[in-house]
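2 protein chains.
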Amino acid sequence: MTEPLRQGATIGILGGGQLGRMLSVAASRLGLRCHVYEPGEAPPAGHVADAVTTAPYEDTAALEAFAASVDVITYEFENIPTAALDTLQALCPIRPGREALRVSQDRLTEKTFLTDLGLKTAPFADITDAESLTQALEIIGTPSILKTRRFGYDGKGQARINTPEEAAAAIEEMRGAPAILEGFVEFSCEISVIAARSADGAVACFDPGENIHSEGILRTTTVPARLSQAQRTDAVLLAAKILNALNYVGVMGVELFVTPQGLLVNEIAPRVHNSGHWTQNGCTIDQFEQHIRAVANWPLGDGSRFADVQMENLIGDDLDKLPELATEADTAIHLYGKDAVKAGRKMGHVNRIIRG
Amino acid sequence: MTEPLRQGATIGILGGGQLGRMLSVAASRLGLRCHVYEPGEAPPAGHVADAVTTAPYEDTAALEAFAASVDVITYEFENIPTAALDTLQALCPIRPGREALRVSQDRLTEKTFLTDLGLKTAPFADITDAESLTQALEIIGTPSILKTRRFGYDGKGQARINTPEEAAAAIEEMRGAPAILEGFVEFSCEISVIAARSADGAVACFDPGENIHSEGILRTTTVPARLSQAQRTDAVLLAAKILNALNYVGVMGVELFVTPQGLLVNEIAPRVHNSGHWTQNGCTIDQFEQHIRAVANWPLGDGSRFADVQMENLIGDDLDKLPELATEADTAIHLYGKDAVKAGRKMGHVNRIIRG
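Chains as they are written, first to last, in the numbering used here: chain A, 1 to 356; chain B, 357 to 712.
Hints listed in this document are in silico derivations from the structure and should not be mistaken for laboratory results.
Where hints are given, some of them may not hold.
Said to hold, decoys possible - Short derived list, chain B residues pointing at chain A, Cβ under 10 angstroms:
1. Gly-373
2. Asp-406
3. Leu-473
4. Ala-682
5. Lys-698
These numbers come from a predicted model, not from an experiment.
C-beta atoms are modelled at their ideal positions from N, C-alpha and C, and glycine is treated no differently.
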């Protein structure tokens, strides 16, 4: 695939959540259709996609039919089973590519990749059993955090270890899954760089945003982040280094800790990212369109920021604030159309333009 | 219907063209689904709507099933057959209401409504036959323009009369349809006010845009329009007067001529309007979301403009400029996903942010 996708072409999206939904909407602006593949019933992206396949990732026939119906495949989450990717890749290009998935699907592989690139991360250690945890705790110390190497999100699959005595309980929580111990780092703030790379190797980054988490879930992202110009430049160069090393095509979310020792990479996500939602109302081309442009072989768009923005996630009952939010000036509402409100479930977000 | 529509509710849209498409996308931002009713095969709005009914407006069973499946009905064009509206209205509220459709479906009714409101229009006369045209030409003079009273758009169903001798040919072109003769007016420019009114009677207007037409088709809209502050105020008050008189709910496009004698109303369209597309990249809430908010009983959004914008339609072969447009900074592309490129067919538009 070297020509830009033209009107009427179809992008396949693995995953039918809110990210797939907003990717579909962005693709429609470029005249492209989307076909969503999602095991769960009634996915939010299905309301706006041209087609939906409801099937598990183990259904080879469904995967093959899906791949045959689309021009390129992308995804809204990184934990796609490897066998499914093998089936799809034989029939259709997948962007971002397999290397990005391989690296980001496993926290240990990811941290090793980053340190091999010369980037800094929090101290970490491979944990295979109680003994390796004991040894790692002697080096990394407490408090620290034990995480499953794979399949964690929004604080799930994580156990905080405040004292060495809590090690046994923490490893219990991993339920035998391979794990990684991460040291805590002192940081003044957490920021995200939403970076994009096109098929021809051009890289563009949105301005870094500053993130506030609570209970392991992102609450707000504010742009601009409180950074010096030097830090801003470092953040962008560092993100570009990661994308280039992976020969990446698409948008990536790069979470960084701002520390006295410089920027530490917390996590990379090979997809559009919650901390980039502010771009919908702060930029002419948002992260979703930027990702679609990259995946569809278009030139990257102009991601320059024209406003200060605070993105706030609407989680669970936050939806009750809707009547009030709808009357706020300078506030754009983005809801995901999810049927059931559950505690901790991301139901939507708002982007507030901050007037100087 | 007095409560705001909640997540998962469905808006029915009559018409599956680009306006229905962009309305669907806007509705998705508010967590709402759309069901498009369109007689033509493969409508552009179908790529992004949750459901599509393909059936003619004469299919009562299809209309009834459609009405039963949605919470409120709106439309992207005004020329919906009256019988279809009767069927739908018995089952589901239609917004904007019937009065706006009755007035705007007929150029003579519309002009009479406007002048009864005390607003100025170009001189006009009811034309039923050759004799009434001869009489009208004596008063209105030439050049003037003969138009069918109903079903005209983008310059179709119109005949320009440069001299009285051309009257016979012009009336021939009407093919027996009731017609209206309109005098030409000297104007310095044509502007549009995109005005919105909510169910509780609140009115909000976007900044007037300045339109350039060619061959009867809108080419560009630029905001801000070249208007004095007094003209700007007049334009907004005049639009509000129209919406209030119709007890209107939704967005309306009001085209005005700027003349030495003040503002003349050229045309009203009871729907989102091509000349309001700039709001997608110049405002936090665009005309499409504003319309959905009104129709869904939400409070109107903040339509304040944060940038100067020029909207340019991509018509027919203009699509060939796409590779270049995609590399322009500050330019947002909006394509409609139409399969066939035809001369005079609106294929998309671009919004260019104008930096000071």
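Outcome of the hint check:
Taking 10 angstroms as the C-beta cut-off, the interface hint given for B/Gly-373 is violated, the closest approach to chain A being about 14 angstroms. At a threshold of 10 angstroms, the smallest CB-CB gap from B/Asp-406 to chain A is about 5 angstroms, leaving the interface hint in force. Residue-level restraint check for B/Leu-473 is violated (minimum Cβ-Cβ distance to chain A is 30 angstroms; threshold 10 angstroms). Evaluation of the B/Ala-682 hint against chain A yields a held restraint, the C-beta minimum of about 5 angstroms falling below 10 angstroms.
Because the beta carbon of B/Lys-698 sits about 13 angstroms from the nearest beta carbon in chain A, more than 10 angstroms, this interface hint is broken.
Taken one by one, the earlier hints fail for this structure at numbers 1, 3 and 5, listed in ascending order.
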